[in-house]
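Let chain A serve as the given structure and place chain B on it in line with the hints.
Taken in order, these protein sequences are the chains called A and B.
Anchor point for the first sequence: position 373 equals 373 in UniProt numbering, and the numbering is continuous, going up by one each time.
Anchor point for the second sequence: position 189 equals 189 in UniProt numbering, and the numbering is continuous, going up by one each time.
The set of hints was computed from the structure by calculation and includes no laboratory data.
Computed from a predicted structure; not experimentally measured.
Just so you know, not all the hints are guaranteed correct.
[To be verified] Residues of chain B placed beyond 12 Å of chain A at every Cβ, according to the derived structure:
#1 Thr15
#2 Glu18
#3 Leu50
#4 Ile71
#5 Gly77
#6 Leu97
#7 Glu99
#8 Asp101
#9 Pro144
#10 Asn171
#11 Ser224
#12 Tyr296
#13 Pro316
[Unchecked claim] When the alpha-carbon atoms are kept at most 25 Å apart in a straight line, the in silico SDA-like pairs for lysine to any residue are as follows:
#14 Lys160/A with Lys7/A
#15 Lys56/A with His201/B
#16 Lys90/B with Thr181/A
#17 Lys191/A with Arg183/B
#18 Lys348/A with Gly70/B
#19 Lys56/A with Glu221/B
#20 Lys348/A with Asp208/B
#21 Lys299/A with Met367/B
#22 Lys348/A with Val3/B
#23 Lys415/B with Gln38/A
#24 Lys378/B with Lys213/A
#25 Lys191/A with Met153/B
#26 Lys160/B with Gly178/A
#27 Lys415/B with Glu31/A
#28 Lys56/B with Ile66/B
#29 Lys378/A with Val289/B
#30 Lys213/A with His201/B
#31 Lys213/B with Ile55/A
#32 Lys378/A with Lys299/B
#33 Lys348/B with Ile198/A
#34 Lys299/B with Thr379/A
#35 Lys160/B with Arg183/A
#36 Lys348/A with Val368/B
#37 Lys121/B with His78/B
#38 Lys160/B with Asp219/A
#39 Lys46/B with Leu347/A
#40 Lys348/A with Asn5/B
Idealized CB from N, CA, C, for every residue including glycine.
Protein chains: 2
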Amino acid sequence: MPVDNLKELLENEETSEEQLREAVHQIDHFEIARLLHQLPPEEKVKVFQLLSDDIKKQEVLYETDIESRGILIEELGHENMAQFLEAMPKDEAVDILQEADLEVQEKILEQMVPDDAQTLKNLLSYKEETAGGLMSPHFNQVQPHEMAGDILMNFLRHNKQDHGTNFYVVNDYRELVGTFTLRDLLNAPPKALATDIIWEHTPQVHLDDSCEKVANEMDHEHISTIPVVDDQNVLHGIISFDDVLRGLKNTASEDIYTMIGASTKIDAFAQTTRSKIAARAPWLLTTFVGGMVSAYILKAFEFTLSEFSMVLFFIPFVLGLAGNVGLQGATVIVRGLATGDIQDDNLKIVIRSEVWVGICHGLIFGMVCGLLIVAVAKTLLASNPMLGLAVGLGIVLAVAMASFIGSLTPWVFMKLDIDPAISTGPVVTTVNDIAGLFIYLTTTTLLFSLL
Amino acid sequence: MPVDNLKELLENEETSEEQLREAVHQIDHFEIARLLHQLPPEEKVKVFQLLSDDIKKQEVLYETDIESRGILIEELGHENMAQFLEAMPKDEAVDILQEADLEVQEKILEQMVPDDAQTLKNLLSYKEETAGGLMSPHFNQVQPHEMAGDILMNFLRHNKQDHGTNFYVVNDYRELVGTFTLRDLLNAPPKALATDIIWEHTPQVHLDDSCEKVANEMDHEHISTIPVVDDQNVLHGIISFDDVLRGLKNTASEDIYTMIGASTKIDAFAQTTRSKIAARAPWLLTTFVGGMVSAYILKAFEFTLSEFSMVLFFIPFVLGLAGNVGLQGATVIVRGLATGDIQDDNLKIVIRSEVWVGICHGLIFGMVCGLLIVAVAKTLLASNPMLGLAVGLGIVLAVAMASFIGSLTPWVFMKLDIDPAISTGPVVTTVNDIAGLFIYLTTTTLLFSLL
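For reference, chain A alone in the conformation it holds in the complex (with noise of 0.2 Å):
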């Protein structure tokens, strides 16, 4: 492996930096990107260093990770990475300011050519996973009236590769008239008018779109770059689908790490031990709060339970099942939220499948764990068979309780403008705990007392 090579020659010495130069030379940019991650800072400096020219500067720069970046950009200086920025595609340029510091970005736009500088802020001003944060300002624009003879003639001079090969037919008003492709051109008669090429329908998004829609829209339309405009219809910039392939795993990577409650900005994996425990325990933090409280209820229910210890005995149980119930509604409404499968018109179906799923799972596990106490509880527990009536009821209702809390909160949040991913995290979680915990041990001290 070529990595390993350069890894052994870092580690000797006695290299020169020509046998450095030759071995770096030989790995592509993205296999040093990944290198950078695993080299310590004066290493990744020197490796960066020696990269052969600046495009390979560029892509380095664009796939490493956010610390090796921070590294990077402060050996480099303001002005250098300024002068880098400038050089690559505007939308990756955004992509590295926008996980930077908003000191830094500053400080690096100051040094920018003031075009270049306004285009970017224009770009920054967007939310990151949303079509406006992912488009990128350059594209092959044309007019209504131009004949289609003279767009060919024109995009084979120019040949900027970064435009890709589909036309956007603009008005005076800089509105999105319509859209067809190199292959539309090159069947055209040379006489055509752009007008005349157009698809029937023009797919396009809104700067607003998420990730997740631009992406369904590119599915369904079979196009590689879709238009992104305003509510004006103004053409904005393109999306391509590589920025499209990156957005859609950074949004699933957000929705998977707000599960467990871990930082939601990407590349967790390259947080140094230190950063990590801090971004985390905040979320643990919520989870600390909540077993405090379970302490303090059991504790309040303290006198009850000393003469009933084996309704204590499953309180893992009633934890286990109703969290695990309360999950999944959560997270099914979610993540079809997140996809587009479930919108406006069917939520309500999807909602109101799911608690009757959490339901009629709390009623088997329930009875199903009541009538084994029931059996047992003579010969093997020595207590009341009663004792399963109650703990059974205690769990049906408690994983009722879960299933409402699981699958409505998405709702809730949805409708208060809050991201519902967080549904499935460790705040909503404790909820459900909590009042798990509370709804078992009132259930099953009630139906004590009546016996």
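Frame of chain A; chain B shown alone:
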């Protein structure tokens, strides 16, 4: 909304077929596909039959949920279905067959033209979310000695939309020699040979590569289609960005559903309530059994516990914290493996870091909890301050164990050639709960016996 309009028409018994047909005509195939999900079986069939042309019917069949499709297949009959699939792009036809029962699959294949059936059977032999399962066998194939002018003329004359605008140069042994784009072709002199215009480096993926790996390659190389080869470098097909978008969405959903122990089969939301209950019950059964084992463990410790009921109050605390810490470690590693951010060369670094993060969290929260109990032991709890030491140490050890289990299981599953994603599911979580409970109780009991 045209969809609401159609729903009203369907509910009204006096609606004429002509009105319905008109309403269906106004809705695009994707909305129809979503609508089918919400309709009762007989109306699904009715709406489908009203679709104006076969292309639209194919698209709806492809986009709709598994259940609706099953009903449509039953109603259409296998012969009609075979005709639909023959007319569809092969990679989409395979997706549909893959989601059908084996029996239905065979019956449909029997009704097909033998050549088509054989192509589909070959594609079916690859796993669903691998390069082989995603690829289409149709692409622009050229010989090494063909000339640019001829290639362009052929391309324009046949104008096969589903072949894309990339060209693959293949030698007599069907080996992939290189690739170029329509843009390259236009820029080449008409007499240039195919081998003169191919790129220096040919991006490609292997039949067995995962969907994420394909996505990463396409993202890094900025190409919208990628060729798929076997060990002998023989070209089998190409994957286009829209297949990858869909594949990525599915694999991310599967990873998320695995975390909650729901059926990992896509479109969990589209299932009926009954099938949801059945699909998730086996996983909840794990939680059930785990809860029973926990109850058994608690019973075994009963003698000690009755004297120190305070220990019991912190059980939800221990389970919550240990569960969360273990899940965080497992999830970060599983997700990193899925996206390719974590590979063999940095896996150990990440595991070590994750274990440390977990241990540190255990130390922090265990100590805080222990100190809190010591502080209030005499006044509020009327118990021995040493209780704090015991509970605190129990938490530290339980969380550390959870961190080990969570961070190491993905690696163990990977070595056993099992999808590491299940490390984030209910089985490992349950094992973690039981281990945590056992360690916590053993630690506290031991310490108490020393007091």
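Consistency of the hints with the structure:
1. Thr15: 20 Å, holds
2. Glu18: Given a closest Cβ separation of 24 Å, the condition holds.
3. Leu50: 20 Å, holds
4. Ile71: Since the minimum Cβ distance to chain A is about 17 Å, Ile71/B lies beyond 12 Å and the statement holds.
5. Gly77: Gly77/B is indeed farther than 12 Å from all Cβ atoms of chain A, at 27 Å.
6. Leu97: 19 Å, holds
7. Glu99: 15 Å, holds
8. Asp101: 22 Å, holds
9. Pro144: With a cut-off of 12 Å, Pro144/B remains clear of chain A, as the shortest Cβ separation is near 24 Å.
10. Asn171: 25 Å, holds
11. Ser224: At roughly 4 Å from the nearest Cβ of chain A, Ser224/B sits no farther out than 12 Å, so the non-interface label is violated.
12. Tyr296: Nearest chain A Cβ is 8 Å from Tyr296/B, so the label is violated.
13. Pro316: Non-interface label on Pro316/B violated, nearest chain A Cβ at 4 Å vs cutoff 12 Å.
14. Lys160/A with Lys7/A: It is violated: about 38 Å lies between the C-alpha atoms, which goes past 25 Å.
15. Lys56/A with His201/B: 15 Å, holds
16. Lys90/B with Thr181/A: Holds, at roughly 23 Å.
17. Lys191/A with Arg183/B: 21 Å, holds
18. Lys348/A with Gly70/B: Holds: Lys348/A and Gly70/B sit about 24 Å apart, inside 25 Å.
19. Lys56/A with Glu221/B: Distance of about 13 Å is within 25 Å: holds.
20. Lys348/A with Asp208/B: 40 Å, violated
21. Lys299/A with Met367/B: 21 Å, holds
22. Lys348/A with Val3/B: Holds, at about 16 Å.
23. Lys415/B with Gln38/A: 23 Å, holds
24. Lys378/B with Lys213/A: Violated. Lys378/B to Lys213/A sits at ~59 Å, over the 25 Å cutoff.
25. Lys191/A with Met153/B: Given pair Lys191/A, Met153/B holds - Cα atoms ~20 Å apart, limit 25 Å.
26. Lys160/B with Gly178/A: Holds: Lys160/B and Gly178/A sit about 22 Å apart, inside 25 Å.
27. Lys415/B with Glu31/A: 24 Å, holds
28. Lys56/B with Ile66/B: The hint holds at about 18 Å.
29. Lys378/A with Val289/B: 21 Å, holds
30. Lys213/A with His201/B: 33 Å, violated
31. Lys213/B with Ile55/A: 23 Å, holds
32. Lys378/A with Lys299/B: 15 Å, holds
33. Lys348/B with Ile198/A: Roughly 54 Å separates the two Cα atoms, so the pair is violated.
34. Lys299/B with Thr379/A: Roughly 14 Å between the alpha carbons, so the hint for Lys299/B and Thr379/A holds.
35. Lys160/B with Arg183/A: Given that 25 Å is the threshold and the Cα spacing comes to 10 Å, the pair holds.
36. Lys348/A with Val368/B: Violated. Lys348/A to Val368/B sits at ~43 Å, over the 25 Å cutoff.
37. Lys121/B with His78/B: Roughly 16 Å separates the two Cα atoms, so the pair holds.
38. Lys160/B with Asp219/A: 19 Å, holds
39. Lys46/B with Leu347/A: Within the cut-off at roughly 24 Å; holds.
40. Lys348/A with Asn5/B: The given pair, whose Cα atoms are some 19 Å apart, holds under the 25 Å limit.
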